[in-house]
Amino acid sequence: MAKKIESVQLPFSVALQIVTQGIRVRLGRSLVTLFGVLLGIMFFSSVLTSHLIKVGVADEDRTRAEANRMANILEAELGYSMDGRVGVIVSGELDASEQRLPRLLTRRGIQTFAFDDPAPSGVGRDGERVDILLIMGSESMNHDISGLPQVPIAVTRSSSEDTPRADVPMLVSLTRELSPGELERREAEERTARYRLTWIVAIALVVTLMGITNAMLMSVTERFREIGTMKCLGATRRLVRRIFLLESLIIGGGGGIGGALLGALFSIIFHGFLYGFPQVMFSINLPVLMGFILLSAVSGVVLTVVAAVYPAGIASSMLPSDALRSNV
Amino acid sequence: MTAFSTEKFQQMIEPGNGDIIDHVIRAVGLTKVYRMGSEETHALRGASMEAKRGEYLSIMGPSGSGKSTLFNMIGALQKPTTGRVYIDRVDIAQLDTEELAWLRCRKIGYIFQTFNLIQVMTCLENVMLPMAYAGVDEEQARENAIEKLQLVGLGHRLLHKPAELSGGQQQRVAIARAMANNPAIILADEPTANLDQKTGEEMITLLDDLKKKFGVTIISATHDLKMLQRSDRILWIDDGRIVRTARPDELDFSSTEFH
Ligand SMILES: Nc1ncnc2c1ncn2[C@@H]1O[C@H](COP(=O)(O)OP(=O)(O)O)[C@@H](O)[C@H]1O
Ligand SMILES: [Mg+2]
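Quick mapping for you: the protein sequence lines, in order, are chains A and B. Mapping of the first sequence onto the numbering used here: position 88 corresponds to residue 88, and the numbering continues sequentially without gaps. Mapping of the second sequence onto the numbering used here: position 162 corresponds to residue 1162, and the numbering continues sequentially without gaps.
Check each hint, because a few of them may be wrong.
What the hints assert, rightly or not - With beta-carbon atoms standing in for the labels, derived distance ranges:
hint	chain 1	residue 1	chain 2	residue 2	range
1	A	ILE314	B	ARG1045	29 to 37 Å
2	A	LEU31	B	GLY1153	30 to 38 Å
3	B	GLY1153	A	THR20	29 to 37 Å
4	A	PHE266	B	SER1063	51 to 59 Å
5	A	LEU217	B	SER1048	39 to 47 Å
6	B	GLU1164	A	THR20	17 to 25 Å
7	B	GLY1155	A	LEU27	23 to 31 Å
8	A	SER317	B	SER1038	23 to 31 Å
9	A	TYR310	B	THR1082	40 to 48 Å
10	B	GLU1039	A	LEU217	42 to 50 Å
If you're looking for bench data, these hints aren't it; they were derived computationally from the structure. Nothing here was measured: the structure is a model prediction, and the numbers come from that model. Glycine included, every Cβ here is placed at the ideal spot set by N, Cα and C.
Throw the hints in and build the complete structure from the sequences for me.
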């Protein structure tokens, strides 16, 4: 007469249905919670993006200054003649300021042209005159200059230790020599910047964590009685946990992705007004920005799930009578 | 999943003879001690009781006498400090959490003094919930829930939220929800305490009807005189002990004891 007891194994779809129904029936409340997560992640994402933009703008300034400096030297070398002509040889990888240099020279009225094949006659291809040869790139100081025309040669990466070469009439170094003190100062600056970034990210993470934990704790603890009722009606511990896991995944996903995108967008708009939009767009490192957005979104999901599942786990393990009594 | 193996199940069956076979619930020597810091409250001090299949049992006692504690123990909502509870001859102390959930889902329906409806859900959704937990598919659950709500006279309030209903109507929803999976037992903890006299009476009539119609066993903690008159048997509890058992026809309701 005593019947067999089989424990219920609810399919995943039932849990999902309960969750979607739950979110729908308490839409207002869910939106508030989602908004809490969204704000937290927006903050986090905007802090990361702002840092990226600032670094990008500073890099951009440095690149521009460096290119200008090299252009100034070349200009002086050409004697400020109105029709100076520069033959450009690329050897190895170009850095950002080297990439800018030819365009910058052109803008200053100095003609540049690619001087790829060594021509002994002192002219470039098509018999063009060359006043100065510019060798750029990571391999520029090792570039074989034998057989080049007898004009001054400017090299972007030579150092003072390089022996002057007798076969070249004049070797101009465009490299800026950093004094040991300057080098040290720059290293210290970089170190400080790294510390500052770590610090800012840590603070942002803590603030975000607090915001999200607060939102989720509220949303779970105010439902302890409901969890007690659910357990009285036969919800298993696993079902309760699964319901809160799914719910926090949905809220964390929505708030995380939305917050990450909005935070980045707001930061770009803010700095756009500050520095000008082209400047900002130009200095953003897109792959890194994508990485930061992804990191923010994933942090949102993870923080939300952890902040919800932990109290829900406790509530689900409570005896129904205790959960019903709790008045949080 | 964890269907009981015959062997495990046999061990769990209460030893005894045929006499107890019709006891759908039996509690033996229940004690419960609440510890709050250094303070101990003895809510139950060795209470034993049993309920026959299809019986309407009332538990009477002053506030703080342990009615709710007993309700929680026999409803598998809480564990006794010592003592045993058998439901359908199965010792519930030996059930794991999943099996307890099964028991709460299919075997027992609970009715609370404060209704405990889920406020954000409609009446229909509230009644459908236990069926969702039982794995009933949504369409079927909706159909059953409508039927149950009609049974308690709320067929016209399906889509209302609890806050839009009167106390009596809310308790009717709770009764419909308790009946959702056609349980063998309905446990009620002072179901009429938050209702006015007339509404309380309606609730008692409703429970009585359910008992007659479906043969459910009803155990109800109560203060309510009307509830005593309808019940098959009354237990008095005082300071954690069952002090008296009687049938209503043995009592004189006009005596001062009941006023
Ligand atoms: N969770 C609890 N923690 C501590 N004491 C409790 C708890 N539940 C009940 N009690 C105490 O146990 C006694 C019996 O309470 P209860 O069973 O609620 O009585 P009743 O339902 O008859 O009013 C009371 O003294 C009460 O204060
Ligand atoms: Mg009570």
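Against the structure, the hints:
1. A:ILE314 <-> B:ARG1045: 29 to 37 Å: holds (31 Å)
2. A:LEU31 <-> B:GLY1153: 30 to 38 Å: Taking Cβ atoms as reference, A:LEU31 and B:GLY1153 lie about 36 Å apart, which means the hint holds.
3. B:GLY1153 <-> A:THR20: 29 to 37 Å: For A:THR20 against B:GLY1153, whose Cβ atoms are near 31 Å apart, the range 29 to 37 Å holds.
4. A:PHE266 <-> B:SER1063: 51 to 59 Å: Because 58 Å falls inside the window, the suggested range holds.
5. A:LEU217 <-> B:SER1048: 39 to 47 Å: holds (42 Å)
6. B:GLU1164 <-> A:THR20: 17 to 25 Å: holds (23 Å)
7. B:GLY1155 <-> A:LEU27: 23 to 31 Å: holds (27 Å)
8. A:SER317 <-> B:SER1038: 23 to 31 Å: Distance hint for A:SER317, B:SER1038 holds at roughly 26 Å.
9. A:TYR310 <-> B:THR1082: 40 to 48 Å: violated (33 Å)
10. B:GLU1039 <-> A:LEU217: 42 to 50 Å: Because 29 Å falls outside the window, the suggested range is violated.
Checked against the numbered hints above, the structure breaks hints 9 and 10 and satisfies the rest.
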